[in-house]
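Q: So the chains spell out like this:
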Amino acid sequence: MKLSIYLALAALAALAALCAGCATAPKHVAPELFAVVPGADGHVGAIVVHTEGDTRVIDSAYGAERISSDGTREMTRLTADEVRDTFGATLAALPGKPTSFVLYFLEGKDELTAESKVEMEKVFSELKRRPLPDIMVIGHTDSVGSMTSNDRLSLARAERMRELMIGLGIPAERIQAAGRGKRELLVPTEDSVSEPRNRRVEISVR
Amino acid sequence: MRKWIIAAALSVAFPAMAADIGLIKVSKGSVQIQRGAEKMVAAVGSGVQASDVIVTGADGSAGITFTDNSLVSVGPNSVFAIDKYHFDTTTHQGEFEGNLKQGRLAAISGKMVKQSPESMKVRTPSAIMGVRGTEFVIQVGEKTN
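If you read the protein sequences in the order shown, they are chains A and B. Letter 110 of the first sequence, counting from 1, is numbered 127 in my numbering, and no numbers are missing. Letter 101 of the second sequence, counting from 1, is numbered 109 in my numbering, and no numbers are missing.
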């Protein structure tokens, strides 16, 4: 009789110990890592990691927050090599950053200036590097001439560039062309002012 | 009666709302898009929609451009869900909530974050990360290489 009471007590104690154990045992989580990476232009941004009851701001190059599998958190700093080892394949898959180019035209024509013809080669090779570009070509004019004639000229400039790109093998449906006439002067002028910097196309690629 | 009209209107409006919010620009190895019960191969040029899940195999990686110009890439053995996404091209206000359940992700934030910091968030099993800009990486799970 006495023995069975002892046994029962022992069993209860063991059960209590077990429960205390499960309450304090660290829950296993997948390890996590968050890091700020400097951009191609050297710009360093910031991220904020919110976890249960804690918020940490990381705003330095390769600054990182690591959550271990036992749930502990530490702020740390990675090296460029560590980032490359862990995230090399991932970073390599980042698409090219959306960017834009400006090319300039001869007065009253849809023909590029000599300098812009050279520049065009660089722009087009950059466009061709992108696997599936979304290209927007917007033509502009200076303020010489009527609204109608400038609308026509600006569109002709954009269309001319579009045709050249199609000639390079970029699918036609990926390139949109539009003319803004003299509505969006890069260099603000009075009406009827000949201004080379306003005679341009803007090519945006995503 | 009125309920039926609303339901009918919604069912008509809904397909129009499932517009592409992004485009697969890079796809290497095994990459899939899970949309509801549907699974499809994510080829270069595939559209990405809100609530899609991107799943990559051991040899897979994918790069996506979003309408606010944010860029996201997913590495091998990864599962990345786009829980919420909307972006107003006029005001640049928006919300981007991703969920990295497993694997690796790299991203460069876009116009939305420039307009309002932390409008882009990435959840993981243990944390929520807000993006103030611009480039960052996240890993969930053990190192596999």
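Hints are computed from structural coordinates only; laboratory data are not their basis. Quick caveat, the model's predicted, so the values are computed rather than measured. Every residue, glycine too, gets a C-beta built ideally from N, C-alpha and C. There's no promise every hint is true.
[Unchecked claim] Examples of chain B residues toward chain A, derived with CB under 8 Å:
1) A27
2) D28
3) L31
4) S38
5) R43
[What the hints assert, rightly or not] Below are the DSS-like pairs computed for lysine-lysine, each with C-alpha atoms no more than 25 Å apart in a straight line:
6) A/K114 - A/K134
7) A/K114 - B/K36
8) B/K122 - B/K92
9) A/K126 - A/K139
10) A/K134 - B/K122
11) B/K36 - B/K47
12) A/K114 - B/K129
13) B/K47 - A/K126
14) B/K47 - A/K114
15) B/K129 - A/K145
16) A/K114 - A/K126
Q: Need the status of pair A/K126, A/K139: alpha-carbon distance at most 25 Å?
A: Holds. A/K126 to A/K139 sits at ~22 Å (cutoff 25 Å).
Q: Has the given pair, A/K114 with B/K129, been kept, meaning a C-alpha gap of at most 25 Å?
A: OK: A/K114 and B/K129 at ~20 Å, within 25 Å.
Q: Between B/K122 and B/K92, is the straight-line Cα distance small enough, at 25 Å or below?
A: holds (18 Å)
Q: Interface hint check: B/R43, Cβ to nearest Cβ on chain A, cutoff 8 Å. Holds or violated?
A: violated (20 Å)
Q: Do the alpha carbons of B/K47 and A/K114 lie within 25 Å of each other, as the hint requires?
A: Distance ~28 Å between B/K47 and A/K114 Cα, so the pair is violated.
Q: Are the Cα atoms of A/K114 and A/K126 separated by 25 Å or less?
A: It is violated: about 32 Å lies between the C-alpha atoms, which goes past 25 Å.
Q: Given the hint that A/K134 pairs with B/K122, does the C-alpha gap stay at or below 25 Å?
A: Cα-Cα ~34 Å, so violated.
Q: Minimum Cβ distance from B/D28 to chain A below 8 Å?
A: This hint is violated: B/D28 lies away from chain A, its Cβ roughly 11 Å from the closest one there, beyond 8 Å.
Q: Have a go at the B/L31 hint: is there a Cβ in chain A nearer than 8 Å to its own Cβ?
A: holds (7 Å)
Q: The hint names B/A27 as touching chain A; please verify it with the least Cβ-Cβ distance against 8 Å.
A: violated (15 Å)
Q: Given the hinted pair B/K36 and B/K47, is their alpha-carbon gap at most 25 Å?
A: Satisfied, since the Cα-Cα distance of roughly 17 Å is no more than 25 Å.
Q: Measure nothing beyond the straight line between the CA atoms of A/K114 and B/K36; if it is 25 Å or shorter, mark the hint as holding.
A: holds (19 Å)
Hint violations for this structure: numbers 1, 2, 4, 5, 10, 13, 14, 15, 16, all remaining hints satisfied.
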